[in-house]
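Novice: Listed here are the chains, written in short residue letters.
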Amino acid sequence: MPAHHPMTSDQGLSADALFTLRRRPTSEKLLDLGFRQLTLTLASLVAIVLLAILFTVFQGAREAMASFGLRFLVTSAWDPVNEQYGAFVAIYGTLVSSILSLAIAVPLGVGTAIFITEDLIPSRLRELIGLMVELLAAIPSVVLGLWAIFVMEPAIRPTLELLHQLLGWTPFFASTPQGPGMAPAILILVVMVLPIITAISRDALNQVPIELRQGAYGVGTTRWGAIFAVILPAAISSIIGGVMLALGRAMGETMAVTMIIGNSLNFDLSLLAPGNTIASMLANQFGEADGIQVSALMYAALILMLLTFTVNVLAQWVVRRLSLKY
Amino acid sequence: MTSSLSQQRSSSTTKGSSDICMSLQNVSISYGNFEAVRNVFLDIPDGRVTAFIGPSGCGKSTVLRALNRMNDLIPGCHLKGQVLFDGQDLYHPRIDPVEVRRRIGMVFQKPNPFPKTIYENIAFGARINGYRGDMDELVERSLRKAAVWDECKDKLQHSGLALSGGQQQRLCIARAIATEPEVILMDEPCSALDPISTLKIEETMHELKRNYTIIIVTHNMQQAVRVADMTAFFNAEAVEGGSGKVGYLVEYSETEEIFNAPAQQSTQDYVSGRFG
Amino acid sequence: MTLSNIQPANNANTDTSLFDRRPLSFDPSLRRNRLNGLLTFISGVFATLAVLPLVLVLVYVLVQGGRLISLRLFTELPPAPGLEGGGFGNAMLGTVLVTLIAALIAIPVGVAGGVYLSEYAGKSWFGQVVSFGNDVLAGVPSIISGVFVYGLIVASRVFFGQSYSAMAGGIALSVLMLPTVIKTTNEGLKLVPNELRLGAYGVGASRYVTITQVVLPAALTPISTGAVLAIARAAGETAPLIFTALFSAFWPEGIFNPIATMSVLIFNFAIMPYPAQNELAWAASFVLVMMILAANLLARWLSRLSKI
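Residue numbers (my numbering), protein chains in the order written: chain A, 1 to 326; chain B, 1001 to 1276; chain C, 2001 to 2308.
There is no bait here: all hints are sound.
Estimated spans, in silico, between C-beta atoms of each pair:
hint, chain 1, residue 1, chain 2, residue 2, range
1, A, Q165, B, R1132, 48 to 56 Å
2, A, F228, B, E1256, 42 to 50 Å
3, C, Y2201, B, I1074, 39 to 47 Å
4, C, R2034, B, R1132, 17 to 25 Å
5, A, S44, C, L2035, 50 to 58 Å
6, C, F2160, A, S27, 34 to 42 Å
7, C, W2301, A, E83, 52 to 60 Å
8, A, G69, C, L2220, 52 to 60 Å
9, C, V2063, A, P158, 17 to 25 Å
10, C, R2034, A, D79, 57 to 65 Å
11, A, L51, C, R2034, 53 to 61 Å
12, C, R2067, B, V1239, 52 to 60 Å
13, A, E127, C, N2033, 26 to 34 Å
14, C, V2063, B, Q1082, 52 to 60 Å
In case anyone wonders, no lab produced these hints; they're calculated from the structure.
Each residue gets a CB set at the ideal place from its N, CA and C atoms; glycine is no exception.
Based on the provided sequences and hints, a complete structural model is requested.
Specialist: Structure below.
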């Protein structure tokens, strides 16, 4: 190493030679730069993977897109023998199962979040409930599916039969429940999205400043008056964002739904009849498909991606745009 | 003023309640195992401004929040003794804290308008208090009383959060008076504000005391002199065996007395700026 | 001066009559108090309903699965359909292997990505793109990651002409882990006080030294918490594996061959019409749930430790 290097040494020239690194050696600078480039490259892998997913799925779907066009979205034929494919049953099932499960899970999740944030019960119990809901999120989907097949579905069947007897005159409960079907799939989805909604709502409620609560109580509201008039409105954007994330999750949820929905390829309005979703169709058929069926499945996967992408981006937009500045 | 503290206590506690708005009888407040303030005897006169002053950690805000049971919201907070208002002990188990807060309003240290429109900020409290009159008129009257009408009248449908800090605080005062409470508690209402906003709020207080009993916590002694009729000086002392300090009431009298001829040496030290 | 000199103020609240004024005492028959009680009750019922599935799932997994646990489960291969006995030793090994592959890919990449986002990107457009892309990737359904790896690796046979393989399964899982690791690393690094960085710069440390020797160690607990959670989640994933790692009835034959995993075993055996296979699915669920709950509790314990 040269003793004198006018380009890099502007300090400590005369200083003791004990500090040998007072002039930064080129190797250190290279290391600095290299590390930065390394992290940058690995960070951009996220974008690359995302684009690669889109590209792979799109590429795979092209053949089916050319053959079936937009008809794919609205026809319900799924006929490997004649090579005719339409994903309407699966798209309909994806939307119905996710939206109906959200309709049940949102009140439950937000109600639970209120129950464990608003000082209604001792803090020990609150933490315990919070912990249990978080652990519920950790249980693998496939285990919930197993439980749904052997425990939940037999347990709820009498109730579903009662629904059929009472509401059988409507098309939505027209068929007799015979095991796997849309209704148990919706219920298992409720179990799966509940922790997301509860956790995000709980965080949102906890972030409402104490001053706002005090202000509400200070003008003489009751506890629930404060919750409905002040606390929930202040937290609503995060809660809606969480609900949208949960919707995205419900749409893409695969294993538990596949195991309990019945995987029917025929359209049926009845919630008690077997149904299908895009994700469960993929799980069921992808391994054994070939030829244009693979392409049709890729096309369905592309639709699922676009659906979840839209919902997730909307979720982020809601959180950013609608968030109140309190 | 020569009477000692103990004489004052006995004289005030034996008085009839006709001119006394609120009365604290041997009040001690603790958070969990930590005692924040102990053995406070205090009679707050009707239709006056009473200031609580003292160094930080002396428990003055704690005492204030005890007056409309705001401390209920703090887990582990516990009060011993009695807080009398309207002839009743506010901490009796049968008392409804919601009713208490409807009659004893509060303005907080940090302006905390609801994330609603200015109009709704005022109307909300009135509505839940069962207001049956003309809401538009009430909103205008409350905002006028709080001296913020001119700034707000053209943007009643805008968010209350769009106002400046001082305006927000006066909106919060308007919100408190819109429910026509009998007492308004103010917890360092100007601590987050600039001097001009502070002055405006003090003017507002002078207006308000014609109709309301006001109790204000302030760490600004000039403010106490400017707005208060009565002043209570709190201090904190280390307790034996305890880890923290416990607050207590040193002296309570007319503001003039407290600042010009206090009975206690520690009051003298505090108001002359020798500590705290 | 005593209080007797104080005159009562003209407390002329002319319009108090327009408000409801009730005694201060609590009146349980009031509409608002009844409503309050009702709503509290309802939210309590909701919370119970939310916790109920966890309790029921745990009880069934513990009872149904726990009673079947024996040593042979861990040492034997799964039985052929219709036969009794056997175990899932190969699937246990496979889950460990596939998850390990996923972790070895996702954790270094994710930590580096998180470091870039937190330490270098600032508010640059590229940082925002990566951040946004990460959020989108986190929302991609797990089955799509399987479809992706199927198209990229399985169908194209890039690994020595092999189609389904443990490697493909691990890569599919790593796609799912990556966003979690990046996010927790980024958030963990943001918790590190800036004074620490300035202190390191102040003694003349380079950016690289500051990050690797000061900032990263300070954020070790949140980062490892995130990594543990990501691993626990990946270990239970099934959808990305069913047509990447596939399944195998035999002991693992290296990472470029199909491999059995616990989650795929549960899926395959749950939908079989044979009680022996169903029982193995329950027992495997017991083992898997125990492993995942333990990892979650470990992560919680880790995060308790971190008080930066």
